[in-house]
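Residue numbers (this note's numbering), protein chains in the order written: chain Y, 146 to 540; chain B, 146 to 540.
Incorrect hints may have been included.
Copies of the same chain look alike in the list, so a pair counts if it works inside one copy or between any two.
Below, computed lysine-lysine pairings styled on DSS-like, alpha-carbon distance capped at 25 Å [what the hints assert, rightly or not]:
id	residue 1	residue 2
1	K420	K395
2	K338	K206
3	K416	K201
4	K201	K537
5	K395	K416
6	K364	K239
7	K339	K537
8	K416	K454
9	K201	K180
10	K420	K180
11	K537	K193
12	K537	K415
13	K262	K180
14	K537	K180
15	K420	K201
16	K338	K201
For the record, the hints were derived by calculation from the structure and aren't laboratory data.
2 protein chains.
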Amino acid sequence: MEGNLLAVHGGGPTAVLNASLYGVIRQAQECGIGKIYGAVGGSEAILKENFVDMGKLPDEKIERLLQTPGTAIGSSRFPLEQEHYEAMASVLKKHGIKYVLFNGGNGTMDACGKVSKACQGEDIYVVGIPKTMDNDISIIDHAPGFPSAAKYIATVTNEVGADVKSLPIHVCVIEAMGRNAGWITAASALARKKPGDAPHLIYLPERNFHEEEFLADVKRLYDELGGVVAVVSEGLRNEKGESIVPPIFKTDRAVYYGDVSAYLAELVIKKLGIKARSEKPGLCGRASMALQSRVDREEAILAGREAVKAAVVGKTGVMVGIRRMEGEGYRIETPLIPIEEVMLHERVMPETYINERGNDVTEHFVQWCRPLIDGELPEMVSFKDEAAQALKSRI
Amino acid sequence: MEGNLLAVHGGGPTAVLNASLYGVIRQAQECGIGKIYGAVGGSEAILKENFVDMGKLPDEKIERLLQTPGTAIGSSRFPLEQEHYEAMASVLKKHGIKYVLFNGGNGTMDACGKVSKACQGEDIYVVGIPKTMDNDISIIDHAPGFPSAAKYIATVTNEVGADVKSLPIHVCVIEAMGRNAGWITAASALARKKPGDAPHLIYLPERNFHEEEFLADVKRLYDELGGVVAVVSEGLRNEKGESIVPPIFKTDRAVYYGDVSAYLAELVIKKLGIKARSEKPGLCGRASMALQSRVDREEAILAGREAVKAAVVGKTGVMVGIRRMEGEGYRIETPLIPIEEVMLHERVMPETYINERGNDVTEHFVQWCRPLIDGELPEMVSFKDEAAQALKSRI
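Bound-form chain Y, shown alone (with noise of 0.2 Å):
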């Protein structure tokens, strides 16, 4: 086939990104694509020319990527301006590439509808692939990445919680990622499978933080359980729309604060007197290959395939979507959705998946998050239960 192909991935790697990768190299492949190109480094790369041509590596090197994360091309976050879509016009034309990828997420499609543009009247064919275990694409079901995400943080809750209830003598508090969306920390809600299992609290970035109230929560929970696990979101903000942490670093470009969970587990110590201690998996939670969600895995690689489909028979401008099909059984169908329709519009949770309080997730969101983690957590044991119902039986 005429013409050759190129992968870009732009922003932060998810557990899935590689699996995407995957499914672009294979479907290239089988249509008999020239040459498979990756830029080495994001959209940077074009305009540096720094290809690798992935169609001469060795297969097992292929196979490889479904259990390597990050990215084996890597990424970047270079801002990019009008002049560089131009200059990655040309770019492409030198190279004979035909098949445009970009992965990532709501920055990414942005520049893969510009580059779309740019590239208009050529017969080049750019495609996104989303891709954030933010959750935070706009128009599709959920993206590649969350799955994952959301099985990592339910299945540490629920073995944290184990740990915890083991020695009930403090709080913990678990921060999860997801600065703006809350998606990621409502997912800790899938590790409950009976009244009293962690996690006890959920704080979302969607909802306005109190601190007296989430003590005054922390400390009734403290009394009647004795452990306490509250799952609590990176970008916790008050009333007033700052962050809960005092900003440590100021530079030109940004603002650094300081961890959310340590912020909340030192107040706890503070103002209750109670032991607390805080876990921040963090990017050991878009890394883990072990609790890789299978759904997530599988779709990642369907939505690399389509892109080059897409790109193949024509389509420009358009990223691939996930879309669940209404009936029985979680099913999924994945239309082409015109980019504009997505570019820079972040999708955080809706009202009705939170809880009047703010302090937990509705059940509605359970039921639509359950089929994304490949199937039921592991159910823990604990012989407290049993003495505690005979002790019942007994009086």
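Fit chain B to the known structure of chain Y by using the hints.
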């Protein structure tokens, strides 16, 4: 067989504490011991006579112990006094308990020795099972719990390393558990396969921490690699022997410190103006079932079984040891160790396991640690390396 058995857990859980309980229950069943009790909530439960009859539980619940973190019978950090030991002896007699298994770290072994003494002259046999993720029990090669903690930190360092290499724009400080002993922090070195792999820096509590040297190390590596992964112990201290993090709260019983990783990330941002973040998996590292080491699980079950066998033949005041056998390959034996040799001695990393600069471990340590983590970690694939090589061969 005449006489009942009681299993008691002390201190913080590990990933395989329930595996040892599994070994105890299975061996006790095979020996035909009368009732198989668990103390519900640590040694305190003996005083409260709060026992659960585990022999009566359905088989599938016993099997589920192998995939449950924490401890199914609960634990405590209850401080015991001499009067408690004598009271315990009475309770044991009252319930016809002939065999007592204490599973825990240094503090629990101290209790184990004292209960054994308090039962002298009685037909009661008290045996210890080692357990500590920190690996700070003396005399033995390593304790059940440590190999899984080692596999966890090596795996997350490997995975976060792949993530950071994909988008090398920051310094990432991973905090490992072990306040006084650096064994877990050190085990992150097992993530390395080739030069340049994470972890790039390792700081242990056995050596004084110098902020200026740390910053110089980070700056040098950041200039070279872009992305830097440093693994640090939660218990780092300065030359005065004080925590590098100022205390945040003091009570009569304890002093609480902030998180070392958050502190160091902030230091990098403020002093070097480089983006930095902290990852503190914390309890996730001792609760992860997916990253449990197979070697660890098998040794934990074995230690539980051997403890029951020892008690049944009338041994008391001993702990089941783990000794690495001489010769080719990794094999262990489980000698019984007089408890007074173990009691309250804390084992830290020997000097031969730490490099001269105090920012890494030695190959000697890696050789010792590698057999414990159950085979190699999966090899990550990066096409950035291919691209760099291709570029080199073109020049």
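Now for the hints, and whether the structure bears them out:
1. K420 - K395: between (32 Å within a copy, 11 Å between copies)
2. K338 - K206: between (40 Å within a copy, 16 Å between copies)
3. K416 - K201: Neither, since 61 Å and 44 Å both go past 25 Å.
4. K201 - K537: between (68 Å within a copy, 17 Å between copies)
5. K395 - K416: between (29 Å within a copy, 12 Å between copies)
6. K364 - K239: neither (65 Å within a copy, 38 Å between copies)
7. K339 - K537: within (18 Å within a copy, 59 Å between copies)
8. K416 - K454: Answer is neither; intra-copy 58 Å and inter-copy 49 Å both fail.
9. K201 - K180: within (9 Å within a copy, 65 Å between copies)
10. K420 - K180: Answer is neither: 59 Å inside a copy and 36 Å across each miss the 25 Å cutoff.
11. K537 - K193: For K537 and K193, only the inter-copy Cα distance (16 Å) is at most 25 Å; the intra-copy one is 72 Å.
12. K537 - K415: neither (36 Å within a copy, 57 Å between copies)
13. K262 - K180: within (23 Å within a copy, 77 Å between copies)
14. K537 - K180: This pair counts as between: shortest inter-copy Cα distance 20 Å, intra-copy 71 Å.
15. K420 - K201: Cα proximity of K420 and K201: none, with 56 Å in one copy and 36 Å across.
16. K338 - K201: between (48 Å within a copy, 24 Å between copies)
Checked against the numbered hints above, the structure violates hints 3, 6, 8, 10, 12 and 15; every other hint is satisfied.
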